[in-house]
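Trainee: Place chain G on chain E using the hints.
Protein sequence lines correspond, in order, to chains E and G. Heads up, the first sequence is in our numbering, so the first residue is 2 and it goes up one at a time. Heads up, the second sequence is in our numbering, so the first residue is 207 and it goes up one at a time.
Don't read these hints as lab results, they were simulated from the structure. Small disclaimer: the values here were computed from a predicted structure and weren't measured. Any given hint could be a false lead.
Some chain G residues close to chain E (C-beta under 8 Å, calculated; not the full set) [unchecked claim]:
(1) A237
(2) S253
(3) A256
(4) K278
(5) S280
(6) R282
(7) K283
(8) P285
(9) R308
(10) Q311
(11) C357
(12) H358
(13) G359
(14) P372
The following residues of chain G were derived to be distant from chain E, with all beta-carbon distances above 10 Å [stated by the list, open to error]:
(15) L246
(16) S312
(17) A314
(18) P319
(19) T332
(20) H333
(21) P374
(22) S386
(23) V389
Where a beta carbon is used, it is the ideal one built from N, C-alpha and C, also for glycine.
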Amino acid sequence: MSFAWAKPYQPKSELGRWFDDRLPLPRLVYGAIGGGYPVPRNLNYGWNFGILSGLFLTIQIVTGIVLAMHYYASADGAFNSVEHIMRDVNAGWMLRYAHANGASFFFIVVYIHIFRGLFYGSYKAPRELIWMLGLVIYLLMMATAFMGYVLPWGQMSYWGAQVITGFFSAIPVVGEPIRVWLLGGFVPDQAALTRFFSLHYLMPFVIAGVVILHIWSLHIPGSGNPTGVDVRTEQDTLPFHPFYTAKDGWFVGLFLILYCAVLFFAPNALGHPDNYIPANPLATPAHIVPEWYFLPFYAILKAFTLDFILPAKLWGVLAMFGSILLLFFLPWLDRSPVRSGHYRPVFKRFYLLLVVDVLILGWAGGATPTAAVIAISQLASAYYFAHFLIILPLISKFERPLPLPSSISASVLHGEKQESAPYGLAKTAPVAAE
Amino acid sequence: MATLEQVDPASTQDDGIRRRDFINVAAVSFAGVGAAAVVLPLVGQMSPSADVLALASTEVDISKIASGQAVKTSWRKQPVFIRNLTAPEIAAAKKVAMSELRDPQSLAERTKPGKENWLITLGVCTHLGCVPLGTGEGENRGDFGGYFCPCHGSHYDTAARIRKGPAPTNLVVPEYAFTSDTVVTIG
Numbered sequence: 002m003s004f005a006w007a008k009p010y011q012p013k014s015e016l017g018r019w020f021d022d023r024l025p026l027p028r029l030v031y032g033a034i035g036g037g038y039p040v041p042r043n044l045n046y047g048w049n050f051g052i053l054s055g056l057f058l059t060i061q062i063v064t065g066i067v068l069a070m071h072y073y074a075s076a077d078g079a080f081n082s083v084e085h086i087m088r089d090v091n092a093g094w095m096l097r098y099a100h101a102n103g104a105s106f107f108f109i110v111v112y113i114h115i116f117r118g119l120f121y122g123s124y125k126a127p128r129e130l131i132w133m134l135g136l137v138i139y140l141l142m143m144a145t146a147f148m149g150y151v152l153p154w155g156q157m158s159y160w161g162a163q164v165i166t167g168f169f170s171a172i173p174v175v176g177e178p179i180r181v182w183l184l185g186g187f188v189p190d191q192a193a194l195t196r197f198f199s200l201h202y203l204m205p206f207v208i209a210g211v212v213i214l215h216i217w218s219l220h221i222p223g224s225g226n227p228t229g230v231d232v233r234t235e236q237d238t239l240p241f242h243p244f245y246t247a248k249d250g251w252f253v254g255l256f257l258i259l260y261c262a263v264l265f266f267a268p269n270a271l272g273h274p275d276n277y278i279p280a281n282p283l284a285t286p287a288h289i290v291p292e293w294y295f296l297p298f299y300a301i302l303k304a305f306t307l308d309f310i311l312p313a314k315l316w317g318v319l320a321m322f323g324s325i326l327l328l329f330f331l332p333w334l335d336r337s338p339v340r341s342g343h344y345r346p347v348f349k350r351f352y353l354l355l356v357v358d359v360l361i362l363g364w365a366g367g368a369t370p371t372a373a374v375i376a377i378s379q380l381a382s383a384y385y386f387a388h389f390l391i392i393l394p395l396i397s398k399f400e401r402p403l404p405l406p407s408s409i410s411a412s413v414l415h416g417e418k419q420e421s422a423p424y425g426l427a428k429t430a431p432v433a434a435e
Numbered sequence: 207m208a209t210l211e212q213v214d215p216a217s218t219q220d221d222g223i224r225r226r227d228f229i230n231v232a233a234v235s236f237a238g239v240g241a242a243a244v245v246l247p248l249v250g251q252m253s254p255s256a257d258v259l260a261l262a263s264t265e266v267d268i269s270k271i272a273s274g275q276a277v278k279t280s281w282r283k284q285p286v287f288i289r290n291l292t293a294p295e296i297a298a299a300k301k302v303a304m305s306e307l308r309d310p311q312s313l314a315e316r317t318k319p320g321k322e323n324w325l326i327t328l329g330v331c332t333h334l335g336c337v338p339l340g341t342g343e344g345e346n347r348g349d350f351g352g353y354f355c356p357c358h359g360s361h362y363d364t365a366a367r368i369r370k371g372p373a374p375t376n377l378v379v380p381e382y383a384f385t386s387d388t389v390v391t392i393g
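Bound conformation, chain G alone:
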């Protein structure tokens, strides 16, 4: 460096920063910002596109679901379970102490007020995303009478809360509202 400065003393200003340093930093920064501007769309193109996001809400008629029955429907291409709980199932869900739960939530928190028998959850196991069994007639409902995921053996209870197995959290309750007594809008 010393030899450089001897060759061209004029390039060093009073503050010790050479003109060449400034040009280097400016040029690299300019190229860096440009590269970042190119990377953004390249990364962003992988996020869900507008048509995927557009499938935002679904209406479901629940008048035909008898007590003890459940149906599987689809929202944002994900399965949704709508289950009409029986009185003993509601009682069983209420009896469980919060301290026993991995992801403590009461049945009341997972249903709408006055509609405690309607358990609406995503049918996506919180472990690795399989569809749990238990909606269909005669399907395995696991040790707690709710849902059972066949992939890695997660057991959910009658409030679709995780009780046993590798799943970390309860089945997700999506946003939904009762638009009438027999119609529910999910999303």
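Just chain E, with the same shape it has in the complex:
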């Protein structure tokens, strides 16, 4: 893997050589995140969010393992054990808030990571598998987050479990038996809580496994870059260490400050007060909504109100899952050979529209379902699907992309004249790089 000019690992000490001969782990690390991994020199901050995702996965695993030492998955005691963690366990409040807000931050960085990929065409050949493995990670994350949210056994936990397992009852004939089988009862109860806890503990390690595949497949072609132009010469790259370890390091610090600001000053801002009420199987909260990171999908689910061949409920569930499964086909829906949105004037505009559309869906998912909100979520859902199924294929057929730079280094190094007077500060009009 990697480029011809990648530096091979050279042990610095006798002990290092001894170890490397027997288990080439230092070699693996050096070639993956050390000086032996050449990375395009022009990466912008959009490329920091992969590392950040890994950081928040680690935070979740570490805080989760510790929380599991104090939590007990019993329908009678789960809620109280969470309160016990909050009030009595030493630093328990911090660990729980770190875990709850860590989930939100994990989704924030993953969403930025995904939209980075959508803009820069990171899903295009030869990186289709990286994209698809990423979607698998995203689906696993959603399942894990959902099951974790059930564990405190508050009102939102309980009714979230009821609604989400209710998706399965939309499947004709076998749906209801599948739901009962998944829950181990007719409603969420002890059986459901215990199995959710078991799986919630397991899934992060499955995610970590898929992350390894994701990075492995990334390191075959190497990272993409903002121009979307392939790496040609050694001039186009920098060794990962020290250049990107340094850049990632300071950005991790910046993001941890943001995270701590929320964790310590607004730890409940992203949660729902109703989840501090113990689960009550006989009363649904007046306004039941999922966590913020599921809201766009919730809006798509709610957008279907009319039966059309299939029942409305089944359409809603199919559309909701379809909205993610669709992304698996993205490399073949967008046929444009140009990767980066910077060189695709028409694509760039529709990309911005998609971002706005997803934000509208998120708002509609959280709003009370009045006639107006439902109409808006129907329009926004329709646009979401139209973007991927109609607009993208048409753009890639008719759009005339801008000329690409001849190489990565040409795009960043503009020659002595412009380097000395960047951003058009020169008196004479700067000439584009040759």
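Mentor: Quick look at chain G alone, frame taken from chain E:
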């Protein structure tokens, strides 16, 4: 393959099936049946256990429910609505044409003969399983005076039939019987 047969012509019998093929199929089948036998309990353990299934029936005293009132009770840990319909509510439910209904059922089909005022249904919205509002005093009963589900806005009428919103079917009528004039056994 040809070279193999030259090496050991004795292994090929008259019907063209080699002894090795038989052993392969037999060994894999044996392991397959064994694997299936292991998977069955692993899958089956997730179905409702005996103690969950044991909560099969509930008796409810309905003597205190005045006309127009409703109560919420619990059966198999699911909420059940017992509602004493008023005369205008019964009339409203009967007036609706079958063709207007998403899940056509008459009030008579959803109640017991002679007990038309007792509407007993599961309090589980058929959309995604929330508990609809409308049993308590002053709760939103939706556009049709029955029940209203706050989660995704499904409206049920006074026979608990779906009239508007995403739910596909009427509220489920559980199996029940009047053991006396004032006691009903659900399940």
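Trainee: Hint by hint, note whether the structure agrees.
Mentor: Here is what the structure says about each hint:
no. : hint : verdict
1   : A237 : violated, 26 Å
2   : S253 : holds, 5 Å
3   : A256 : violated, 12 Å
4   : K278 : holds, 6 Å
5   : S280 : holds, 6 Å
6   : R282 : holds, 5 Å
7   : K283 : holds, 5 Å
8   : P285 : holds, 5 Å
9   : R308 : holds, 7 Å
10  : Q311 : violated, 16 Å
11  : C357 : holds, 5 Å
12  : H358 : holds, 5 Å
13  : G359 : holds, 4 Å
14  : P372 : holds, 5 Å
15  : L246 : holds, 13 Å
16  : S312 : holds, 20 Å
17  : A314 : holds, 25 Å
18  : P319 : holds, 28 Å
19  : T332 : violated, 8 Å
20  : H333 : violated, 6 Å
21  : P374 : violated, 4 Å
22  : S386 : holds, 25 Å
23  : V389 : holds, 21 Å
In summary, the numbered hints that this structure violates are 1, 3, 10, 19, 20, 21.
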